[in-house]
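Let chain V serve as the given structure and place chain R on it in line with the hints.
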Amino acid sequence: MDRSEIIHQLTNIFIDIIDNGDISLYNETTANDVDGWDSLTHIQLVVAIEKHFKLRFNSKEIQGWKNIGELADSIAGRIA
Amino acid sequence: MLTFTQLKKNLKKDFSNYTKIKIAVMGDTATQFLIQSIRGAGFEQGFNLQVWEADFNQIERQVFDPNSELYEFNPEIVIVFYSTHKLLAKYNKLNPEQHSSLADIQMILIDNINYALNIQLRPKIIYYNYTEINDSVFGNFANKIESSFLFQLRKLNYELMLFAAKQPNFYLCDISSLQNQFGKTNFFQASVYINTEIVLSIDILPEVAAKTIDLIGAINGKFKKCLILDLDNTMWGGVIGDDGLENIQLGSLGIGKAFTEFQYWIKKLKNRGIILTVCSKNIESVAKEPFEKHPDMVLHLEDIAVFIANWENKADNIRQIQSILNIGFDSMVFLDDNPFERNIVRENIPGITVPELPEDPAEYLEFLYHLNLFETISFSNEDVERTKLYQVEAHRTVVQKSFTNEDDFLKSLDMVSLVEPFNKFNSPRVAQLSQRSNQFNLRTVRYTEADIETSIIEKDIFSFSFTLEDKFGDNGMICVIILKKNDLETLFIDTWFMSCRVLKRGMENFVLNTIVKHAKEKGYTYLKGEYIPTPKNEMVKNHYFHLGFQQSADYWILNVMDYKNKKCFISTK
Numbered sequence: 000m001d002r003s004e005i006i007h008q009l010t011n012i013f014i015d016i017i018d019n020g021d022i023s024l025y026n027e028t029t030a031n032d033v034d035g036w037d038s039l040t041h042i043q044l045v046v047a048i049e050k051h052f053k054l055r056f057n058s059k060e061i062q063g064w065k066n067i068g069e070l071a072d073s074i075a076g077r078i079a
Numbered sequence: 000m001l002t003f004t005q006l007k008k009n010l011k012k013d014f015s016n017y018t019k020i021k022i023a024v025m026g027d028t029a030t031q032f033l034i035q036s037i038r039g040a041g042f043e044q045g046f047n048l049q050v051w052e053a054d055f056n057q058i059e060r061q062v063f064d065p066n067s068e069l070y071e072f073n074p075e076i077v078i079v080f081y082s083t084h085k086l087l088a089k090y091n092k093l094n095p096e097q098h099s100s101l102a103d104i105q106m107i108l109i110d111n112i113n114y115a116l117n118i119q120l121r122p123k124i125i126y127y128n129y130t131e132i133n134d135s136v137f138g139n140f141a142n143k144i145e146s147s148f149l150f151q152l153r154k155l156n157y158e159l160m161l162f163a164a165k166q167p168n169f170y171l172c173d174i175s176s177l178q179n180q181f182g183k184t185n186f187f188q189a190s191v192y193i194n195t196e197i198v199l200s201i202d203i204l205p206e207v208a209a210k211t212i213d214l215i216g217a218i219n220g221k222f223k224k225c226l227i228l229d230l231d232n233t234m235w236g237g238v239i240g241d242d243g244l245e246n247i248q249l250g251s252l253g254i255g256k257a258f259t260e261f262q263y264w265i266k267k268l269k270n271r272g273i274i275l276t277v278c279s280k281n282i283e284s285v286a287k288e289p290f291e292k293h294p295d296m297v298l299h300l301e302d303i304a305v306f307i308a309n310w311e312n313k314a315d316n317i318r319q320i321q322s323i324l325n326i327g328f329d330s331m332v333f334l335d336d337n338p339f340e341r342n343i344v345r346e347n348i349p350g351i352t353v354p355e356l357p358e359d360p361a362e363y364l365e366f367l368y369h370l371n372l373f374e375t376i377s378f379s380n381e382d383v384e385r386t387k388l389y390q391v392e393a394h395r396t397v398v399q400k401s402f403t404n405e406d407d408f409l410k411s412l413d414m415v416s417l418v419e420p421f422n423k424f425n426s427p428r429v430a431q432l433s434q435r436s437n438q439f440n441l442r443t444v445r446y447t448e449a450d451i452e453t454s455i456i457e458k459d460i461f462s463f464s465f466t467l468e469d470k471f472g473d474n475g476m477i478c479v480i481i482l483k484k485n486d487l488e489t490l491f492i493d494t495w496f497m498s499c500r501v502l503k504r505g506m507e508n509f510v511l512n513t514i515v516k517h518a519k520e521k522g523y524t525y526l527k528g529e530y531i532p533t534p535k536n537e538m539v540k541n542h543y544f545h546l547g548f549q550q551s552a553d554y555w556i557l558n559v560m561d562y563k564n565k566k567c568f569i570s571t572k
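Here the protein sequences line up with chains V and R, keeping their order. Numbering-wise, the first sequence is residues 0 to 79 according to numbering that gives the first Met the number 0. Numbering-wise, the second sequence is residues 0 to 572 according to numbering that gives the first Met the number 0.
Chain R with its partners taken away, still in its complex shape:
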């Protein structure tokens, strides 16, 4: 990780091609160094963070004054950093009989801040939780005394999690866990604090900045979706082809515990929605044997979406995995114990993340915990089912090959789609898709759950979510449309994105048929579309052209009166 001095040097570099994001930072201690670190760390991830800093200790004034500089700046993200030191100062000033209410008092303030920010701005809020200070007034007994500072501080961190769970735009940056990891002596330097009101040590700033940037990245749709796993000496100790099933190290054999625990972690990632794939230099049947027969394997074949074992080079194999899954290389993580393979992959696959795994497998877990590769800002039931969906897709690809006539194939799928406006049940998934969809996304406007909920009640906005089910299984929600009234005659297609899982299924035609019908029923004559290019959405460059829209300056226009329903083999559920 870069040091603070290196991050500061980043500030002089050229940010001009990087994604601009406006961020406000407010703290009750001095935040200049933190801001420099965050902007410098953002550079490493391709972000040009436009940071506005509130004057020292101005959080409430900025938030509760509707004419403040904060609102004038109009940031997309607001970072709020109330330090534990100032919380302790507040506690010290309370009457002893109020000590047990500290967490409640602070939560009321946080609730009000969150409310005021949402009324004025609807920003994403990043709130730093509280690092621990034990004032040792009660010793260990503090854990039994509700009025102790330690009791109140831990309660507050817990209450914050409960609060964040209910507030779609409120995210916690867990600096408390950072302090646990690095220790308070590294996190905080008393002499610096006394001289400057800075509570984060110079050495810890890069860690806090990285954790913050992880969140900002996830908010902006940058996160990992897939883990590519090597097998020998990565998933188990030893070489299955050489050592044989009985001798690979797993469970209680040799250092097998390290690999077993590692597999449990990977299994949890899979349950969270990370797609697992295997890329191993092996004979396929040999590589699969432990998954099928070894009693101590935690991962099984049904956990693996794509399993590639052959003697080809890994870069080519990973390209193949990419083409099956249809996700960007920058959302993939490749784990391999062999430095040679890591380098081949790193050099040939731009964007992929290849952690420099420690030599000792016992260190794998702690090392990967620290990298915090799997930041996210959403979690839904679909995440749990994702592997199954991709396995079904792999199966479908095989069936497709055996049909010579595409129409016959599509007919044979018995596809049905449920079309619904947004509602409180589907809005989490709509928001999640909006964050994740990069390739089939015409304008790449990102919406959060809160945005989606607002659109439900707004008139002149028409929303559609589409599911797709076929005889192999349910794909869940795979397409979203938002139409906005442009003028009396015209509906603007504000949002059209679709999961790449359902490409070549005639879904585009079905969607267009649906929205044309809607436009006619509401008395509109024109549909107006727009394509905004991004590095990832090249595939839909000619989307509207293919659907018969006419180009008009930067837009695409379709007259719905002349429109004839397009062929498709999907029926409405």
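For reference, chain V alone in the conformation it holds in the complex:
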């Protein structure tokens, strides 16, 4: 799966969980750029992403990503 496909699928997850159809994600997108992406919703997103890509992040990673690009890297590294 290439990175643009990962980001596309992430976008769909964000739209569903945050319940906002206007969300677009890019490598540089951070939590500050997305309305409703707070620390609690973050957990919900993490669990949904884990389920969608059938993987488990470790505890450190969950707080570590600076932006969507790093999140996508984590995912790409696991499903490669």
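No lab work stands behind these hints: they were computed from the structure. Note that the structure is a prediction, hence the values are computed from the model and not measured. Among the hints, a few may not be true.
As the list claims (entries may be wrong) - Computed cross-link-like contacts, DSS-like style, restricted to lysine-lysine with a CA-CA straight-line distance of at most 25 Å:
| hint | chain 1 | residue 1 | chain 2 | residue 2 |
| --- | --- | --- | --- | --- |
| 1 | V | K53 | R | K154 |
| 2 | R | K154 | R | K183 |
| 3 | R | K221 | R | K387 |
| 4 | R | K470 | R | K563 |
| 5 | R | K563 | R | K224 |
| 6 | R | K154 | R | K143 |
| 7 | R | K183 | V | K50 |
| 8 | R | K503 | R | K563 |
| 9 | R | K410 | R | K572 |
| 10 | R | K563 | R | K535 |
| 11 | R | K8 | V | K50 |
| 12 | R | K85 | V | K59 |
| 13 | R | K484 | V | K59 |
| 14 | R | K563 | R | K519 |
Just chain R, lined up with the frame of chain V:
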């Protein structure tokens, strides 16, 4: 079941017509998701839960400070969630010689919390029991060591049950059994816990919320009273009309074990007070044959309050069952293996619960266990006798048809009623009736056992419970009245509810005669009544009018000085 994300989306929907209930939630871990789930799950059941959440880990401060936000919020229900993780942390900090006292220490705290809440608020308390963590310090040997964490945790869950059994307003929400069912790996996610202090996984939240809402529903009088059973391939394997008595699968024949175990479960429900009825497409005599003759039948005809077997459509038959039992459709559960029948009933009978039974009868039990349809908040001896009462009622209906003159019929019943104020013996039943009575209920004020016990000692409150016995049997307690002093001249009828079992027996007249006499003896001139409409109590809309009360704004007034005793054929026991 809806997912957490779906429950969260419910929060944006319109709650405005739903029943408002004020709930406080306090936990020693992060409870935001739990609260969202509970409110979202409440929406599915028609509840508009007004939730106040204590700040993180503030349980004791909120409970023991009489000026706290908790008391200012004044909730009807308080949910207390002490997690096992924090219990383990507490255990870890104790000196080893104190480890064997963990359960006792925690029970003292719970007792104090319960006491403080009752002094200030008298709320219903929902307490989550403890899901198991085995710290594996002793291995299996933990079961032999009183100071092990596992030993203390299980002791605590047991002590909680003993405590709840004695405390009328204290209810346990059994999340420990949920964890047993779904497994700890599904219940708890370590990475989420370490990052957030959330101990319930996202996937398990809807289950915990549903279990909580079941309790909240029961506290608010929403529970099932009647099970309607199909027969062929539901109660036994095969078709009695086609296969014959020897070939239907029950006991050791074929997959008969599945049906036998299923019947034992249904029998336990009957013993608990659920009314069993049969609705089957069959010739009646053929349908009854297994009940009478099959050695492996667990259920017998005396377990069935109403038995309907014919070729009419099931929706009509269920309407007939409803008219005999006089209970709401929303308190009925219909079990049928046939998807067609289920759909007909679901579409034509609003409110009835029709579980989508699995195709394989072997799965029936586990499936129904999980649905947790029969939540309740009370249990009394009357529950055990209920089927008999309804059977007697069916018999009475038959006798009534053969009398042309109603007075003659009523006279022939030899009715007597025992009238008593509330006391410690009858208060459980009074509270239970108060929760269950929906139709003949003028104001639908719900009282718990604790409320009833308080009213016994309060002056200016006069309570009456009525039983009704006749030559066919004892109906037990069937009517409750609470009168409160309104002013020097007037007694207000705060509560009047009656079991629909005893309609058309002249009980209303007997009750009014009784309370008018009481009002006069105490020197009051007026009785004042009120009708508060609900979706279910239409039948008593004109109750006070029929009894001769005069309307005055929103109330009904009766001058007891002018009152002449009404005709009735019930004598005081």
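Here is what the structure says about each hint:
Of the supplied pair hints, the one linking K53/V and K154/R is violated, its CA atoms being roughly 38 Å apart against a limit of 25 Å. Taking the CA atoms of K154/R and K183/R, the gap is about 20 Å. The hint holds against a cut of 25 Å. A C-alpha spacing of about 23 Å is found between K221/R and K387/R, which places the hinted pair at or below 25 Å, so the restraint holds. Taking the CA atoms of K470/R and K563/R, the gap is about 28 Å. The hint is violated against a cut of 25 Å.
Among the hinted pairs, K563/R with K224/R is inconsistent with the structure: their alpha-carbon atoms are about 39 Å apart, more than 25 Å. At roughly 12 Å between alpha-carbon atoms, K154/R and K143/R fall within 25 Å of each other, so this suggested pair holds. Only pairs whose Cα atoms come within 25 Å are accepted, and K183/R paired with K50/V is accepted, the gap being roughly 17 Å. Restraint check for K503/R and K563/R: satisfied, since their Cα atoms lie roughly 20 Å apart, inside the 25 Å limit.
A distance of roughly 16 Å separates the Cα atoms of K410/R and K572/R; the hinted pair therefore holds under the 25 Å criterion. Distance hint between K563/R and K535/R is unfulfilled; the C-alpha atoms sit about 31 Å from each other, more than 25 Å. Between K8/R and K50/V, the direct Cα distance comes to roughly 19 Å. Compliance with the 25 Å bound is thereby established for this hinted pair. A hinted pair counts as satisfied when its Cα atoms are at most 25 Å apart, and K85/R with K59/V qualifies at roughly 22 Å.
At most 25 Å may separate the alpha-carbon atoms for a hinted pair to count; K484/R and K59/V exceed this at roughly 66 Å. With a C-alpha separation of about 12 Å, the suggested pair K563/R and K519/R falls inside the 25 Å cut-off, and the hint holds.
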